[in-house]
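K.L.:
Combine the two chains into a complex, taking the hints into account.
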Amino acid sequence: DARVTQTPRHKVTEMGQEVTMRCQPILGHNTVFWYRQTMMQGLELLAYFRNRAPLDDSGMPKDRFSAEMPDATLATLKIQPSEPRDSAVYFCASGLVPDGQTVRMDTQYFGPGTRLTVL
Amino acid sequence: RKEVEQDPGPFNVPEGATVAFNCTYSNSASQSFFWYRQDCRKEPKLLMSVYSSGNEDGRFTAQLNRASQYISLLIRDSKLSDSATYLCVVNREGATNKLIFGTGTLLAVQP
Numbered sequence: 001d002a003r004v005t006q007t008p009r010h011k012v013t014e015m016g017q018e019v020t021m022r023c024q025p026i027l028g029h030n031t032v033f034w035y036r037q038t039m040m041q042g043l044e045l046l047a048y049f050r051n052r053a054p055l056d057d058s059g060m061p062k063d064r065f066s067a068e069m070p071d072a073t074l075a076t077l078k079i080q081p082s083e084p085r086d087s088a089v090y091f092c093a094s095g096l097v098p099d100g101q102t103v104r105m106d107t108q109y110f111g112p113g114t115r116l117t118v119l
Numbered sequence: 001r002k003e004v005e006q007d008p009g010p011f012n013v014p015e016g017a018t019v020a021f022n023c024t025y026s027n028s029a030s031q032s033f034f035w036y037r038q039d040c041r042k043e044p045k046l047l048m049s050v051y052s053s054g055n056e057d058g059r060f061t062a063q064l065n066r067a068s069q070y071i072s073l074l075i076r077d078s079k080l081s082d083s084a085t086y087l088c089v090v091n092r093e094g095a096t097n098k099l100i101f102g103t104g105t106l107l108a109v110q111p
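Just so you know, the sequences run in chain order A and B.
Using our numbering, the letters of the first sequence correspond one by one to residues 1 to 119.
Using our numbering, the letters of the second sequence correspond one by one to residues 1 to 111.
Misleading hints may appear alongside valid ones.
[What the hints assert, rightly or not] Below, computed lysine-lysine pairings styled on DSBU-like, alpha-carbon distance capped at 35 Å:
id, chain 1, residue 1, chain 2, residue 2
1, A, K11, B, K98
2, A, K78, B, K2
3, B, K2, A, K62
4, B, K79, A, K78
5, A, K11, B, K45
6, A, K62, B, K42
7, A, K78, B, K98
8, A, K62, B, K79
9, A, K62, B, K98
10, A, K78, B, K45
11, B, K2, B, K42
12, A, K11, B, K42
13, B, K2, B, K45
14, A, K11, B, K2
[Said to hold, decoys possible] For each label pair, taking beta carbons as the anchor points, the in silico distance ranges come out as:
id, chain 1, residue 1, chain 2, residue 2, range
15, A, E83, B, N55, 23 to 31 Å
16, B, N55, A, D1, 24 to 32 Å
17, A, T20, B, N55, 26 to 34 Å
[What the hints assert, rightly or not] Covered by chain A, per the in silico footprint, the following chain B stretches (three or more residues, Cβ under 8 Å):
id, segment
18, 40 to 49
19, 101 to 111
Just so you know, the hints here were simulated from the structure itself, not pulled from any lab data.
Fair warning: this is a prediction, and the values are worked out from it, not measured in the lab.
The beta-carbon is built from N, C-alpha and C at its ideal position, and this holds for glycine as well.
Okay, chain B solo, but in the shape it has when bound (with noise of 0.2 Å):
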């Protein structure tokens, strides 16, 4: 099994549509999770860190249910430009911290 597996899609949308995310971590000792983007034979970026708490930037919002092992990413009103592969990523702390990142979700927002 892997530290963190996604979905991994495709997920096809129309334009306006909320489309969701899901992911889980195995371990449990995991303290911060993240976002990130990655276009097609680009590189990955950051979207956005996940708080305990919840946050939301724009349409973006992020979730974390530590009881659960379960991270959450929802766009709202999805627009084209938001068509990617969505990696979920994990922050396995120690010694030397070290990102676990998901395979990925792939995103394609139909017009």
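Just chain A, with the same shape it has in the complex (with noise of 0.2 Å):
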């Protein structure tokens, strides 16, 4: 049963240091997304990958946050430094999408995100 694992499950830093979280996809799945969830603004989109390029990073707060896919395999969401604000569960998610074809949302798959808490 393929699924997309995401690490840490938890981490708890303190304000000022650096937080990175790992996605690795379903394989063969080429396309990634990350959200945030809160209990105030429920799920956001930070941004998002087809075939590891950058698709949409509109929700994302630039300063500090910053996304990445080093290889097909792996996504990271990093933040520097971080803030007690940027406490949240953090989801990434994977797709397939032929090429030639718009990204369906539907057929997202989640992974059990990271439970980050920021003092």
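P.N.:
Written as structure tokens, this is what we have:
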């Protein structure tokens, strides 16, 4: 049963520290999404990639957040420096979109999330 | 005003009850709509897509009213295992598609 994996599952850090979250998409999937979930805002899309190229990162605070896909099996989301307001659950999702087709949003598979607490 | 609005609940219902959730969206250009289910401390999972003509999947019925920009989910004969948060989701069409999630409605089915 193929799944999206995320590490770490939990992270507690102090304000100002760098945080790196990792995601391994389902093998063969070519789209990767990063979301953040808080009680107040719900789920928000931060960024997404298709064939490792960033397609949309308009939801991501650019000054401290960065997202990359060093290779097809790894996506990273980095926060530097972290702030208490970054405390949230960060989800990665992946999907498969044939070339030439529009990304379909109902075919995303979510990972278990990274629960981040910044003190 | 949020782009997708839901009643946060909680909805406390007895087993076997019928319960309905509503959701409104503000972007009239939206074309695709979904309901996701999220269990406590778990990831969201697609429950069903919502089609213009309405669609049913077992005990679950989803309806769309484009004129009123309103989506609904009806659960019949509710089970304890239906207890979860139900997220209304709208696809914001554009140069790059984007899913907009509501903050969810919490359902607690009581024995």
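K.L.:
Quick one: which hint numbers does this structure break? Sort them smallest to largest.
P.N.:
4, 8, 15 and 17
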